[in-house]
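Asks: The primary structure of each chain is shown beneath.
Number of protein chains: 2
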Amino acid sequence: MLKWLGWIVLVGGLWTAPARAEDGYDLWLRYRPLPTAQASAVAERATSVVRDEMDPTIELAAAELVRGITGLTGRAVAAGNVATGAIVIGTARSARIAALRLPLAGLGDEGFVVRSATVDGKPVTVVAANRPIGVLYGAFRLLRMAQTGGSIDNLSVVDRPKLGLRMLNHWDNLDRYVERGYAGRSLWDWQKLPGFSDPRYTDYARANASVGINGTVLNNVNASADILKPEFLGKIEKLAGMFRPWGIKVYVSARFSAPIEIGGLKTADPLDPQVAAWWKAKADEIYARIPDFGGFLVKANSEGQPGPGDYKRSHADGANMLARALKPHGGIVMWRAFVYANEKPEDRVRQAYSEFAPLDGKFADNVIVQVKNGPIDFQPREPFHPLFGAMPRTPLMMEVQITKEYMGFATHLVYLGTLWQEVLRSDTYRPRKGTTVADVLDTPVRPGALTGMAGVSNIGTDRNWSGSQFDQANWYAFGRLAWNPDGDAREIARDWAAMTWGQAAAEPIVAMMMRSHEAVVDYMMPLGLNHLFATGHHYGPGPWVDDLAREDWNPVYFHKADRNGIGFDRTPSGSNAAAQYAPVLARKFSDPKAVPENLLLWFHHVSWDRRMASGRTLWEELVAKYDRGVAEVTAMQAHWAAMEGKVDAGRFAEVNQFLAIQRQEAQWWRDACIAYFAEVSGRPIPAGVTPPPHPASYYKAIRTPWAPGNGK
Amino acid sequence: MLKWLGWIVLVGGLWTAPARAEDGYDLWLRYRPLPTAQASAVAERATSVVRDEMDPTIELAAAELVRGITGLTGRAVAAGNVATGAIVIGTARSARIAALRLPLAGLGDEGFVVRSATVDGKPVTVVAANRPIGVLYGAFRLLRMAQTGGSIDNLSVVDRPKLGLRMLNHWDNLDRYVERGYAGRSLWDWQKLPGFSDPRYTDYARANASVGINGTVLNNVNASADILKPEFLGKIEKLAGMFRPWGIKVYVSARFSAPIEIGGLKTADPLDPQVAAWWKAKADEIYARIPDFGGFLVKANSEGQPGPGDYKRSHADGANMLARALKPHGGIVMWRAFVYANEKPEDRVRQAYSEFAPLDGKFADNVIVQVKNGPIDFQPREPFHPLFGAMPRTPLMMEVQITKEYMGFATHLVYLGTLWQEVLRSDTYRPRKGTTVADVLDTPVRPGALTGMAGVSNIGTDRNWSGSQFDQANWYAFGRLAWNPDGDAREIARDWAAMTWGQAAAEPIVAMMMRSHEAVVDYMMPLGLNHLFATGHHYGPGPWVDDLAREDWNPVYFHKADRNGIGFDRTPSGSNAAAQYAPVLARKFSDPKAVPENLLLWFHHVSWDRRMASGRTLWEELVAKYDRGVAEVTAMQAHWAAMEGKVDAGRFAEVNQFLAIQRQEAQWWRDACIAYFAEVSGRPIPAGVTPPPHPASYYKAIRTPWAPGNGK
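Chains as they are written, first to last, in the working numbering: chain A, 1 to 712; chain B, 1 to 712.
Fair warning: there could be bad hints in the mix.
What the hints assert, rightly or not - Only pairs whose alpha carbons sit at most 27 Å apart, straight line, appear in this in silico DSS-like list of lysine-lysine:
#	chain 1	residue 1	chain 2	residue 2
1	A	238	A	249
2	B	266	B	280
3	A	235	A	312
4	A	280	A	235
5	B	312	B	362
6	A	266	B	700
7	B	266	A	700
8	B	280	B	238
9	B	235	A	700
10	A	229	A	249
11	B	229	A	700
12	B	362	B	327
13	B	280	B	362
14	A	229	B	700
15	B	700	A	235
Please keep in mind that the hints were generated in silico from the structure rather than gathered at the bench. This one's a predicted model, so the numbers in the text were calculated from it and none came from an experiment.
Please model the entire structure based on the sequences and the hints provided.
Replies: Structure representation (structure tokens):
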């Protein structure tokens, strides 16, 4: 009978459900009705939308305001004339805007003013900028204020992005496979391009513009040269045309050996004049189709990719050759510093710094070096990358990974805003105390020099874009932090949650989000451990793995656990990677008493019996961390269960199920790692701790060959 | 200025567009409001939905009726009591239904009665069946009548499916790659199963149930044994549970060598007792989880797949061994007859018949042999497969390909209902004149013997399910023809169009659909030509290809064009494949004067100068056919352009763009084939015909390595 009741409840739901449940497609731009009082207040300040200029981007801004306000207030609003409560938008090319003498001078091409003002004698709200794209950004800002319950009375908002390049990197292959993608296939339907202009391309561009993202690298850094062929350029041209009014430039990952593979040359040596000529001709060909093409992203001499090193040339030689080809057209080169060479036995953590720091000042002015947030590879926690602050004459942009390759794929709820904030607020002590990574990023190395931030996209064809509802927050947070690296992760989470789930649900959701990153660190790799993943797909634990071709691909290389202790000695007695930081930091990191405990095993090999701040031994602390991680996920589940009825049923159920998966997998991580480290250390499970239900051999035998994101 | 006007019109559209445009997700179950008079008429006959039984499937039927009627009439309708105009649904377990003494006796488990009747003194409509699934099918039938403008007064519909197995075959790999898939990735999100019950699984099952499909093979016939591992069985169990109330059983493709690959045995010899025991234990394991598991589909000893032939055993040996394992649980084996062996130099067209016809009567009674509609492989046109009618003691089911591997992928508008009807209505002359393929399929070889039809699915994660709006029609038509192989392709098209595009748009859309298949035959492979495809992905023309490893993979093998003539001699002077048909047909096909011209080059090698019925030479006729194919697509474009405003803007635009792609690719086919055959034949382009703009070498040089569906 209970079973029957279940059926009735389940199926009964269908009788009243709307034809289309919320499924996450609308992202943070849902524009659902506001609470009544707020709706009225907004409606009074949004009686019509007025624009004088004919411009596609201003037109989009106007349409967005109409769509947003209509949705939020439930009242029809349209384009109209200046009246009380109008929203007047435009640039100084509009006489009405010009007459207001707004403080636009310092705002550049992308900044904006949103201000309550009087136009034609009527109280209005003005959204003004130097360029149409600023107007669009301002419109989205005004809508954000309305969506999150902020007042739109007496406004005086002046803002501009702190970084110039706010860039998504798609690791999308031309067959639509997304490397490290957990959200379906690549959005780019190359087969149907340029003939089919999928409306989703516009929805993608709109979502990006709403958070200020202004560039997209369409293809994987492990690139095929084919994307530079004429047939693909025609397809890219179509996408560029659809993205253009949203202020988004397209870039491509360029394979360094393309002159050989599709150019018929015998070499890709950057100092060979034929090679340089080939790239110049290719750049000319691209710009003939796409006058505002952004430029190239290059992964060279890393993980098997070709590069200038194949010809005994430096990274600067390679980057500058490409930069010269792009320069006449205003294009740029983003050159990745994620390199580790096969031939070098050096601690992998040291290699990017070793190769790049000496090249400081050697790059052309339209080159920017793209440095990952940490020195390994997007681990749950790493110290900030020592190159930040170490190349004062070279523009650096930071690369973060929005897709959660190393943090549980799509089903684990992990808000990355706090991780990125931790990095951005790290003090580099270069050139002096107080110079954070954010400062390094947003201070041009010379006037007009490039600045930027890149996020490896988590976007795919999944209906919810990102593979899960909560992974949308990471896309959103990336955009916000690229706009302002000093932004506050909690505030960003709050805005996202209010827009995505409704204001009433926002606070409890923010509470979950804010503890979620520390939870994944704890149940996967606490205390500075890293890279304990199963082989290839990085799904599930594999701390025992020791059979990979390269020493520095193996988890045992990274944790160095044995009977006596655990951790990688990166102090002067070990690899001395700590010395790549500013001296004060190098000393701090090298001192086991001074190093933060959450990075202890990153920098030190220590005894299992070492006494921790908590009073526990290291071994006990490690186990406690794993337990805490699992407990945190359990707590998130309870937290979410209480949201039932406060958010829509469809998205509620999805998150609920994903949290159950996360709980199960957190337990797997915890059990496997404790079982393994107990075996390696010879330590018993501490008193009061639930032993793993199986010996380490059980976890070692688990294979998940079909996990997504690696291979096909 | 014109450019500006374009912008205004374009962007202006956004101001009034509903938040969500139609995108095809709703398929033929859109339930949009009917014209007023029809809506009133339906509303009078659908005042409430009444059911007495507690059953999940009847609950779904009731919910569907409520959803459909509410949508179609705009009036809220709900579950309720018997009143004038009620819809009363159920089986004879309901006293009210039983009292009506409906003619349910001959309707089996899946048939239904939909009848106007009097219950409790009130005029009502009754949907009744022997089993709940019949009630669900009846509910969908009633809704179809309402959707298509049919009267729902004075009803007396009695129907049951003519085939028992109405089956989708998904060629989905476990990594979610779909072989020959052009509609995104596999729906089955194995990584998140069983934890995540994607609502789309239910939507999939509902759509299938609405057309009577009652089985689904989840994975590719080129199977991985991993799907038989416990972790996958847990995932399949979840899907089976979601599909069960919709009357859909799950099946899997079983890899014949699984006992070696995952069972640890040294052999997969079907006569080895250990092998049989392994499969028996595996079947027991599956049924312990899924009591209504359907069974196995097997591709054996074909295109490199393992099979009983590896051990010198017959197909019957292999199939029967598996059948014995499944038999105690009621499971079945579908054994594919699509075989062609590496070692045999025999005409590939002959091989399935040669191998299988001698096995007639040798298969266990829970085995059904699955035969493709034609003897090659889903070409635009083939004669029916000679096995139909040639195995009178063996259950045969027909396999058709819904996904358009050989007909332009997703962007070509090709309605396959007419192709399948052509095959189903073909006279096999076995045992006697008038015995059509449909008769062979729907006449059990003994009482209670298996019957069925399988369609290779065109379904994926694309929002519109099938890769294009019009490819939905092929999914729909497959279901309808599997329910009734004597169904009429035009009537099916009309129902689909009325439900999918609205009644007002239906007739012109049907007109396009009905000529679309002949168009693709003409612009790709007229007059019985076949397999002229570029290598691997089967995208675009490659009639010149002669470098593939197997002779019978090469287009030149199939067309045999030279200076003198073209075509494959399958008469007694050649491979004599014609002799595999009934004698009267063999004679007809072998006679160049009697063979239908549309199969001429399938059966005959003839001179370029042969005079055709039209009075043209064969060469001129071939060219004229290619031109006609292109002209037909041009006509479809014009036809569709006239639909603007008569269908929703979103789907209109998609179809419009796809037709432009189709036009361009039809031209490519036409130009490439004419250029090539002109070169081979040495014939000049006929007078009045536009010469291809390039020489054959130009078309030969075209490479499309990233075309989807083959490889990654």
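Asks: Please name the hints from earlier in the document that this structure breaks, with their numbers sorted from lowest to highest.
Replies: 3
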